[in-house]
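If you're matching them up, the sequences are chains A and B in order.
1 is the number of the first residue of the first sequence in our numbering; add one for each residue after it.
1 is the number of the first residue of the second sequence in our numbering; add one for each residue after it.
No wet-lab data here; the hints were simulated from the structure.
Be aware that one or more of the hints could be misleading.
Where chains are identical, the list cannot tell them apart; a pair therefore holds if satisfied intra-copy or between any two copies.
As the list claims (entries may be wrong) - DMTMM-like, lysine to aspartate or glutamate: derived pairs with alpha carbons at most 20 angstroms apart: (1) 56 <-> 131; (2) 163 <-> 141; (3) 3 <-> 34; (4) 29 <-> 117; (5) 93 <-> 60; (6) 3 <-> 36; (7) 124 <-> 138; (8) 124 <-> 41; (9) 3 <-> 155; (10) 170 <-> 158; (11) 49 <-> 100; (12) 124 <-> 60; (13) 49 <-> 60; (14) 126 <-> 158; (15) 119 <-> 159.
As the structure is a computational prediction, the values presented were derived from the model and not from experiment.
2 protein chains.
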Amino acid sequence: MTKGKTIWILGLPSSGKTTLGRELFEDLKIWGWDVEHFDGDDLRTTICKNLGFTRKDRIENVRRVRYMCNLLNSHGIWVVVSFITPYQEMRDKNRKFIEDYTEIWANAPLEVCIKRDTKGIYNKGKDGSIEFVTGISDDFDNPKNSDVICYTDREGIDESVEKILRVVFKNRYKLSK
Amino acid sequence: MTKGKTIWILGLPSSGKTTLGRELFEDLKIWGWDVEHFDGDDLRTTICKNLGFTRKDRIENVRRVRYMCNLLNSHGIWVVVSFITPYQEMRDKNRKFIEDYTEIWANAPLEVCIKRDTKGIYNKGKDGSIEFVTGISDDFDNPKNSDVICYTDREGIDESVEKILRVVFKNRYKLSK
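The shape of chain A in the complex, shown without the other chains (with noise of 0.2 angstroms):
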C-alpha cells in the first residue's frame, strides 16, 4: 500500500492555520486521496482532552497527534495538521518521526493575528483570564525550517494552496481554477 503524506500547519493563533487546512482537505479529498484533517481545537475534545498549555502538555500534544499521523499514513490515509505547535524542538522531533512529512508556516505578524483573534485568545491572554498565550505570554519558536511558507495577511487561499501542493507533489502539479 502507498503510504500517506503529513502535511503539517503551524504558526500563531489566529494566523489562518484553521482555513488552511479546510482548503486543503478539501482539495485533497476532491482528487480521490482518502484524508483526515487535525485541527488543534478538535484535537482537545479527543485523544487530547486531559492537556492543558503547560509546556510539557503542549509537548504531549504534539507526540499524540505524530503518533496519529503515522498510524493513519501507514494505512495509506494523508493528514492534513492545523496545530499551533510552537516550538522548534517539537517540529524537528516531527521531521524525524514523520516519514513523509511537509512543514507549512502559516505566517502571519502577531500584530494581524491579534487583530483577528478569531477567538478571543489573545485578549483573554491580555486580560490574563488565559495563562499561556502564544506569541503573548509563551514562546512561538520562528520556525528554521519549514518547506513553505504561507503569508497569509497577504496571499490569497489559492495562492497558498498552491505554493503548498507544488511542493508536496514536488511540482508535478498545478492547480487549474
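Model the placement of chain B on the given structure of chain A, informed by the hints.
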C-alpha cells in the same frame, strides 16, 4: 467507502486477549482487510502514555481507544482491540458509540489466569508492589452481553477465532485450515 469493523476482546489479565487478537489480526490481514491491532500494553506507550490504573484513568484509556477505533473504522480500517476493559459502563459506551462493534470475552477462570500470570501482574498485585490489579484489587465486572465468549482455558485458538469470525461475518464464513 465501506466502513471498518471493531472487534473488541476483553478479559482478565492473562486471559489470552493478546494471543487471540494477534491471531485474528493475522487472519484478517491474509484475507486482504486493512486492519490494525491495538493491544493494551502498546497503547500505554502511545496515546495512553500518561494514564495509570485508577478507575478514572482506565475509563479515559478506553475513551481514547474508542475514539481511535471510530477514526480508523471511518477510513475503512478494521480494528482488533485487546484490552482488559474491566467495567461494564465502558463496554456499554463502546456499543453505543462504535458503529460496527463486536465484543469478545476472553473468559478464563481467575485461578487459571493467576497461574498463567504471563506478565507477573498478579504476583505484583499480591505482594503489593502494584496497586489496582484487575481481579485482585480492582473490579472486573462479568460482561453482560458479549457477542462471543471464548473459553480460552479449554478452547483451541482456532476454535475461538472460528467462533468470532462466524459472528463477525454473520455465519457467511467457514474457516478452513
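Verification of the supplied hints:
1. Only within a single protomer do residue 56 and residue 131 lie at most 20 angstroms apart by alpha-carbon distance; the minimum there is 14 angstroms, versus 26 angstroms between protomers.
2. For the identical chains of this complex, residue 163 and residue 141 are neighbours neither inside a copy (23 angstroms) nor across copies (55 angstroms), given an alpha-carbon limit of 20 angstroms.
3. When the C-alpha separation of residue 3 and residue 34 is checked against a cutoff of 20 angstroms, the pair qualifies both within a copy, at 11 angstroms, and between copies, at 13 angstroms.
4. Proximity of residue 29 and residue 117 under a CA criterion of 20 angstroms is satisfied in neither setting, with 29 angstroms inside one chain copy and 48 angstroms between copies.
5. Proximity of residue 93 to residue 60 under the C-alpha cut-off of 20 angstroms is restricted to the intra-copy arrangement: shortest distance 12 angstroms within a copy versus 26 angstroms between copies.
6. With identical chains, the CA atoms of residue 3 and residue 36 are at most 20 angstroms apart both within one copy (14 angstroms) and between copies (15 angstroms).
7. Taking the shortest Cα distances, residue 124 and residue 138 sit within 20 angstroms of each other inside one copy (13 angstroms), while across copies they are farther apart (43 angstroms).
8. For the homomeric pair residue 124 and residue 41, the shortest alpha-carbon distance inside one copy (16 angstroms) is at most 20 angstroms, but the shortest distance between copies (40 angstroms) is not.
9. Taking identical chains as interchangeable, the C-alpha atoms of residue 3 and residue 155 are never at most 20 angstroms apart, the minima being 31 angstroms within one chain and 38 angstroms between chains.
10. Taking the shortest alpha-carbon separations for residue 170 and residue 158, only the intra-copy value of 18 angstroms comes in at or below 20 angstroms, while the best inter-copy value is 48 angstroms.
11. In this homomeric assembly, residue 49 and residue 100 never come within 20 angstroms of each other (Cα to Cα): the closest approach is 27 angstroms inside a single copy and 24 angstroms across copies.
12. In this assembly of identical chains, the alpha carbons of residue 124 and residue 60 never lie at most 20 angstroms apart, being 24 angstroms within a copy and 29 angstroms across copies at closest.
13. In this homomeric assembly, residue 49 and residue 60 come within 20 angstroms of each other (Cα to Cα) both inside a single copy, at 12 angstroms, and across copies, at 9 angstroms.
14. Within a single copy, residue 126 and residue 158 get their C-alpha atoms no closer than 33 angstroms, and across copies no closer than 63 angstroms, so neither meets the 20 angstroms cut-off.
15. For the identical chains of this complex, residue 119 and residue 159 are neighbours neither inside a copy (25 angstroms) nor across copies (56 angstroms), given an alpha-carbon limit of 20 angstroms.
Hints 2, 4, 9, 11, 12, 14, 15 from the earlier list are contradicted by this structure; the remaining hints agree with it.
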